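K.L.:
Each residue of the sequence shown is one higher than the last, beginning at 0 in numbering that gives the first Met the number 0.
Read the hints as simulated data drawn from the structure, not as lab findings. Because the structure is a prediction, the values reported are computed rather than measured. Be careful, since some hints might not be right.
Unchecked claim - With a straight-line Cα cutoff of 25 Å, these simulated DSS-like cross-link-like pairs (lysine-lysine) come out:
no.	residue 1	residue 2
1	LYS31	LYS55
2	LYS31	LYS104
3	LYS41	LYS57
4	LYS41	LYS94
5	LYS104	LYS55
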Amino acid sequence: MAAIMTRQELKSACLAMLDQNAVEHPAGHQGKLAARYVLRSKVGARIGLMFEKSDKTKPLLWVEHRFLRDLVHDDIEFKVYPASSLYQADEPDEKQSYGRHAALKSMRDLAHVDLVRLTTDRVEQLRTFLTHLATVA
(Lines of atoms letter the chains of each structure in order from A and count residues from 1; the text may use other names and numbers.)
(Lines give C-alpha, C1' and ligand atoms only; values in the text may rest on other atoms or scores of the structure.)
Protein backbone atom coordinates (compact mmCIF):
# COMPACT_ATOMS: atom_id res chain seq x y z
CA MET A 1 0.00 0.00 0.00
CA ALA A 2 1.36 3.41 -1.01
CA ALA A 3 2.06 6.00 1.67
CA ILE A 4 -0.18 9.04 1.75
CA MET A 5 1.62 12.13 0.48
CA THR A 6 1.21 15.63 1.83
CA ARG A 7 0.09 18.30 -0.63
CA GLN A 8 3.64 19.67 -0.87
CA GLU A 9 5.12 16.20 -1.43
CA LEU A 10 2.58 15.58 -4.19
CA LYS A 11 3.38 18.92 -5.83
CA SER A 12 7.12 18.23 -5.63
CA ALA A 13 6.64 14.81 -7.24
CA CYS A 14 4.44 16.33 -9.96
CA LEU A 15 6.98 19.06 -10.68
CA ALA A 16 9.76 16.46 -10.93
CA MET A 17 7.65 14.49 -13.42
CA LEU A 18 6.93 17.62 -15.46
CA ASP A 19 10.64 18.52 -15.44
CA GLN A 20 11.43 15.06 -16.84
CA ASN A 21 8.77 15.07 -19.55
CA ALA A 22 8.52 18.70 -20.69
CA VAL A 23 10.67 21.79 -21.10
CA GLU A 24 10.25 25.18 -19.51
CA HIS A 25 7.85 27.39 -21.46
CA PRO A 26 9.38 30.45 -23.19
CA ALA A 27 7.42 32.61 -20.70
CA GLY A 28 9.41 30.95 -17.89
CA HIS A 29 8.22 29.77 -14.51
CA GLN A 30 6.47 32.19 -12.17
CA GLY A 31 8.25 32.08 -8.82
CA LYS A 32 6.31 30.26 -6.13
CA LEU A 33 2.94 30.32 -7.89
CA ALA A 34 3.17 28.51 -11.22
CA ALA A 35 5.44 26.38 -13.37
CA ARG A 36 4.99 26.80 -17.13
CA TYR A 37 5.94 24.03 -19.55
CA VAL A 38 5.81 22.90 -23.16
CA LEU A 39 5.30 19.22 -23.89
CA ARG A 40 5.96 17.84 -27.37
CA SER A 41 3.74 14.97 -28.45
CA LYS A 42 5.21 12.03 -30.36
CA VAL A 43 3.98 13.57 -33.61
CA GLY A 44 5.37 17.02 -32.78
CA ALA A 45 2.36 18.87 -31.37
CA ARG A 46 3.42 21.67 -29.02
CA ILE A 47 1.28 21.55 -25.88
CA GLY A 48 1.43 24.31 -23.29
CA LEU A 49 0.97 23.33 -19.64
CA MET A 50 0.78 25.35 -16.48
CA PHE A 51 1.03 23.74 -13.05
CA GLU A 52 -0.03 25.69 -9.95
CA LYS A 53 2.52 25.08 -7.26
CA SER A 54 1.43 27.62 -4.64
CA ASP A 55 1.17 26.37 -1.06
CA LYS A 56 -2.40 27.71 -0.98
CA THR A 57 -3.87 25.61 -3.80
CA LYS A 58 -4.38 22.00 -4.69
CA PRO A 59 -2.08 20.67 -7.43
CA LEU A 60 -3.77 22.14 -10.52
CA LEU A 61 -2.77 21.51 -14.14
CA TRP A 62 -4.01 23.85 -16.89
CA VAL A 63 -4.11 22.48 -20.45
CA GLU A 64 -5.82 23.46 -23.68
CA HIS A 65 -9.19 21.72 -23.56
CA ARG A 66 -8.97 20.14 -27.01
CA PHE A 67 -5.99 18.04 -25.93
CA LEU A 68 -7.72 16.45 -22.93
CA ARG A 69 -11.34 16.44 -24.04
CA ASP A 70 -11.43 12.61 -24.24
CA LEU A 71 -9.79 12.18 -20.84
CA VAL A 72 -12.04 14.44 -18.77
CA HIS A 73 -14.79 12.46 -17.04
CA ASP A 74 -16.61 12.00 -13.74
CA ASP A 75 -13.79 10.51 -11.67
CA ILE A 76 -11.42 13.41 -12.42
CA GLU A 77 -11.96 16.74 -10.72
CA PHE A 78 -11.85 19.40 -13.45
CA LYS A 79 -13.26 22.72 -14.53
CA VAL A 80 -13.58 23.99 -18.10
CA TYR A 81 -12.70 27.63 -18.79
CA PRO A 82 -14.11 28.62 -22.19
CA ALA A 83 -12.41 31.45 -24.05
CA SER A 84 -15.82 33.06 -24.50
CA SER A 85 -15.99 33.83 -20.76
CA LEU A 86 -12.79 35.88 -20.65
CA TYR A 87 -12.96 39.52 -19.61
CA GLN A 88 -16.50 39.46 -18.30
CA ALA A 89 -17.59 41.39 -15.22
CA ASP A 90 -19.59 39.61 -12.52
CA GLU A 91 -21.79 42.66 -12.07
CA PRO A 92 -22.80 45.25 -14.73
CA ASP A 93 -20.86 48.11 -13.06
CA GLU A 94 -17.73 46.10 -12.25
CA LYS A 95 -14.45 46.21 -14.11
CA GLN A 96 -13.91 43.27 -16.45
CA SER A 97 -11.29 40.81 -15.24
CA TYR A 98 -9.25 38.12 -17.01
CA GLY A 99 -11.09 35.30 -15.24
CA ARG A 100 -8.21 32.81 -15.05
CA HIS A 101 -4.93 32.41 -13.20
CA ALA A 102 -2.85 35.50 -14.05
CA ALA A 103 0.21 33.35 -14.89
CA LEU A 104 -1.62 32.16 -18.02
CA LYS A 105 -1.75 35.64 -19.54
CA SER A 106 1.90 35.56 -20.62
CA MET A 107 1.49 32.13 -22.27
CA ARG A 108 0.30 33.09 -25.77
CA ASP A 109 -0.66 29.48 -26.51
CA LEU A 110 -2.96 29.27 -23.47
CA ALA A 111 -4.02 32.84 -22.68
CA HIS A 112 -7.10 33.05 -24.95
CA VAL A 113 -8.18 29.49 -25.77
CA ASP A 114 -10.59 27.04 -24.16
CA LEU A 115 -8.81 25.54 -21.15
CA VAL A 116 -9.40 22.77 -18.68
CA ARG A 117 -8.03 22.91 -15.15
CA LEU A 118 -7.44 19.47 -13.70
CA THR A 119 -7.00 18.76 -10.01
CA THR A 120 -4.25 16.22 -9.57
CA ASP A 121 -4.67 14.10 -6.47
CA ARG A 122 -2.16 11.34 -7.29
CA VAL A 123 1.16 11.24 -9.14
CA GLU A 124 -0.22 8.37 -11.25
CA GLN A 125 -3.01 10.66 -12.42
CA LEU A 126 -0.51 13.22 -13.73
CA ARG A 127 1.38 10.38 -15.43
CA THR A 128 -1.87 9.37 -17.16
CA PHE A 129 -2.45 12.96 -18.36
CA LEU A 130 1.10 13.27 -19.70
CA THR A 131 0.98 9.86 -21.40
CA HIS A 132 -2.28 10.85 -23.09
CA LEU A 133 -0.88 14.22 -24.17
CA ALA A 134 2.20 12.56 -25.66
CA THR A 135 -0.03 10.72 -28.15
CA VAL A 136 -2.15 13.65 -29.42
CA ALA A 137 -1.71 15.22 -32.82
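K.L.:
Against this structure, judge whether each hint is valid.
P.N.:
The hints, checked one at a time:
no. : hint              : result
1   : LYS31 with LYS55  : holds, 10 Å
2   : LYS31 with LYS104 : holds, 17 Å
3   : LYS41 with LYS57  : violated, 29 Å
4   : LYS41 with LYS94  : violated, 43 Å
5   : LYS104 with LYS55 : holds, 20 Å
Taken one by one, the earlier hints fail for this structure at numbers 3, 4, listed in ascending order.
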